[in-house]
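Produce the complete structure using the sequences and hints provided.
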Amino acid sequence: MLGSAAFITAYVKNAGAAWEGIGAGVALAGLSAFALIYAQRFVRPQEVVDEIAAAAAPVSARDLDLADERVSRRTALHRLAAAAVGALACAALVPLRSFAPARRRAAANGWAPGVRVVREDGTPIKAHDVDVGSATTIFPQHMRGDAGAQATLLRVEPSLLALPPERATWTPLGCIAYSRVCTHVGCPVALYRAASQQLFCPCHQSTFDVVRAATPVSGPAERPLPQLPLVIDREGYLAASGGFSGPVGPG
Amino acid sequence: MIERSVNWLAGRLHAESALRKALRKAFPDHWSFMLGEIALYCFLILVATGVFLGVPFDPSDARVVYRGPYAPLAGTSISAAYASILHISFDVRAGLLVRQMHHWAALLFTIAIVVHMMRIFFTGAFRKPREINWMVGLTLFVLALATGFTGYSLPDDLLSGTGLKITEGIVLSIPLVGPLLAQAIFGGPFPNGVFESRLFFVHVVLLPLAIFAAIGAHLTILWAQKHSQFPGPRRTEHNVVGSPLWPNYALKSTGLLCAVAAVLALLGGCVQINPVWIYGPYEAWQAAAPAQPDWFVGWLEGALRIGPGPFWSAVVAPLAGFLFWYAYPFFEAALIKDHRAHQLLDRPRAAPLRTALGTAVFSFVAVLFCAGSDDLQAYVFHTPVERLVIVYRCLLVIVPAALGFTAYRLCRELNERTDALHHVLLTRGASGGYEERPLIR
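Residue numbers (the working numbering), protein chains in the order written: chain A, 1 to 251; chain B, 1 to 441.
Honestly, the hints are just simulated from the structure, not real lab data. No residue lacks a Cβ here, since even glycine has one placed at the ideal position from N, Cα and C. Hints are not guaranteed to be accurate.
[As the list claims (entries may be wrong)] Just some of the chain B residues that point at chain A, by a computed CB distance under 8 Å: (1) Gln100; (2) Ala265; (3) Arg409.
This is the structure:
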C-alpha cells in the first residue's frame with residue numbers, strides 16, 4: 001500500500017520514471033511477498049495425485065466415413081472437392097500481390113549524364129574544394145535524401161588509383177564517388193578509413209578498397225560498390241557523367 | 001464471498017464437478033516449472049503496457065518538425081512515429097516508465113522462453129505424448145522473436161531503421177522470389193513512407209493475436225495432458241503428483257506474477273533501455289557504430305557478420321535449424337526406437353547424446369551471439385575486427401565440438417558413478433524390523 005501511494009504521488013508530482021518505477025515495484029514486491037508468505041505459513045501443504053487415463057479405443061475408419069455405401073464413385077467426388085478447395089486457396093493467395101506497388105521504382109535513381117552532385121543540404125560541390133581524405137555524402141541535385149541514389153564522394157591522390165581502364169576519366173582531380181548502399185544487406189557504408197583508403201560498413205564490417213574500384217577486401221560483402229562516373233561541368237562543379245556502374249545495394 | 005461467487009458462476013455453467021476437479025488439479029513442485037510461467041506473465045505485462053503505449057503512439061512516416069522539450073533535436077524534421085516516441089518518453093506522464101517496462105518485459109519474455117525450452121529439451125519433456133506442444137512452443141518462440149523485432153523497429157530511430165534496411169537486404173538475397181517478396185513486405189524499397197503503419201498493424205494486432213492463440217493452445221494441451229514430473233516417491237509413468245491448484249499453487253503463482261511485475265517495474269523505472277533520442281532519427285544515409293540489435297536477434301547479426309552471404313547465413317541456416325527442432329521429437333524417437341508415452345522426466349545425464357547435442361547447438365548459437373558484437377570487442381580490446389572474424393569462425397567449430405564432447409563424457413561418468421552406488425529404500429515395519437527395497441531412479 002505504501003508502494004502504491006508512492007507510485008500515485010510520483011505520478012501526480014511528475015517525479016520521473018525512477019520514482020514511479022520504485023513506487024510500483026515496491027507495491028508489487030509487497031504483494032508478491034504477501035502471497036508467497038501466505039502460501040508458506042497459512043496454507044496446509046498437501047499432495048494430490050492425478051491419474052493419467054489409459055488411451056481410449058482409436059477412431060475407426062467407419063467413424064470417419066463421409067458418405068454411406070449407396071454412393072458409388074466416392075473417391076472421384078472427394079478428389080473433386082479437394083481440387084476445388086485447392087483452387088480456392090490459390091485464388092485467395094493472389095490478392096497478396098496488392099501489397100507490392102504496381103511499378104518498380106527501384107531501377108530508377110536520379111543519376112544521369114550532367115546531373116549535378118549536391119551535399120545533404122543541397123549545395124553543389126567544386127572539385128578542388130574536396131579535401132584529400134574527406135568523405136562527403138552526396139545526392140543527385142533533384143533527389144536529395146534518396147536512399148537509392150546516395151553516394152560517398154572521396155578524393156585521393158590520382159597516382160594511387162588502380163581502376164579498370166574504361167573508368168580512367170571518371171575521377172577528375174582524384175575525386176571519386178561510390179554508391180553508399182552496401183552490397184551485403186544494404187546498410188549505408190558510412191565510415192572512411194582515410195589512411196588506407198578503405199570504405200567501411202558499420203553494420204557488418206564489410207571493407208571496400210577505394211583505389212581498386214571498391215573491391216571488397218574483408219567482411220561479408222561479395223560485390224564491389226557501384227562507382228559513379230564524375231565530370232567537372234562548365235561552372236566548375238562536380239556532376240555525374242552517367243549512372244552507377246552496376247546495380248545498387250544487395251540482391 | 002469467494003464460495004458464493006464461484007458457485008453462482010458454476011451453477012450457471014453446469015460446471016460444478018469440473019470446477020471441483022480443476023481446483024484439485026495437481027501441479028508438480030519443481031523450480032524449473034516456473035520458467036514457462038515467467039514467460040506467460042511477461043506476456044500479460046507486455047499486453048498491459050502495450051495497450052498504454054498504443055494510445056499515444058502515432059504509426060506514421062509523415063515528416064514533422066520537432067518542437068518538444070528535448071533540446072538537441074529541436075527544430076529538426078523527423079517522422080511522426082519518432083516524434084511520438086519522444087513525446088511518450090518526455091511528455092506523457094509515466095510514459096517513459098511504461099515504455100521501458102515494455103522493452104524490459106520483451107527481453108525477459110524471450111529469455112524466459114529460451115530457458116524454458118532448454119528445460120523441456122534437456123529433461124526430455126518433448127517426448128510422446130507432448131510432441132505437439134513442443135511444436136506449439138517453438139512456434140511461440142518464433143512469434144516472440146518476430147514481435148520483439150517488429151516492436152524494436154517501430155520507433156523509427158537510427159538503430160531500428162538500419163535493422164529494417166538489413167531485413168530488407170536479407171529478403172532481397174533470396175533467389176528468384178526475393179525482390180517480389182521484399183516489395184510485398186515493405187511496399188517498395190525501404191524507406192518509403194508506407195511501411196510504418198504496416199509494421200504497427202503487424203506488431204499490435206497480427207502477432208499478439210497469434211501469440212494469444214498459440215498460448216491458448218499451449219495451455220489447453222498442457223491442461224489436458226497434465227504436467228510431466230521428475231521421478232520420486234509415488235510418482236509413476238501414469239500419474240502426476242503435486243500441490244493442488246487451489247490454494248497452494250494459485251497463491252505461489254500469484255506471488256510469482258507480482259514478483260515478475262515488480263522486477264520489471266524497477267527495471268523500467270531505474271535502468272535505462274533503448275534511449276532512442278540519443279540514437280537520433282533514421283536517415284537512410286546515416287548509420288551508428290558500434291551498433292547491436294536487441295539480444296534475441298544477436299545470433300542472426302553474428303551469422304551475418306562471420307557467415308557466408310545473407311541468403312545462407314540469415315535465411316537457409318535459421319530455417320534449417322528451426323525445421324530440425326520442430327522434427328526433433330520424432331527424430332529422437334525413431335533414432336532410439338522409443339515410441340512409448342513418457343510421464344517421468346529424464347535427468348540430463350540420463351540421455352548423454354541428447355544432452356551433448358543440446359549443449360553443442362546452444363554453444364553454437366552463443367558463439368554467433370558473441371560474434372554479433374565483434375565491432376564493440378574490437379574497440380575495447382584494440383584488435384582489428386578482421387582478426388576477430390577469423391577467431392570467431394574458428395570458435396564456431398571448436399567450441400560446440402569441445403563442449404558437446406565434454407557434456408557427453410560428463411553424463412557418462414555421472415551415470416557410471418551413480419550406477420556404482422546401491423540405491424535402496426529402507427523402511428521400518430510395525431514390528432521393528434527393516435525392509436529393503438530397490439529405489440526407482
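Right, here's what the structure says about each hint:
Because the closest C-beta pair between Gln100(B) and chain A is about 7 Å apart, less than 8 Å, the hint holds. Look at Ala265(B): its Cβ gets to within about 4 Å of chain A, closer than 8 Å, so that hint holds up. At about 36 Å, the closest approach between the beta carbon of Arg409(B) and any beta carbon in chain A exceeds 8 Å, and the interface hint on this residue is violated.
Hint 3 from the earlier list is the only one contradicted by this structure; the remaining hints agree with it.
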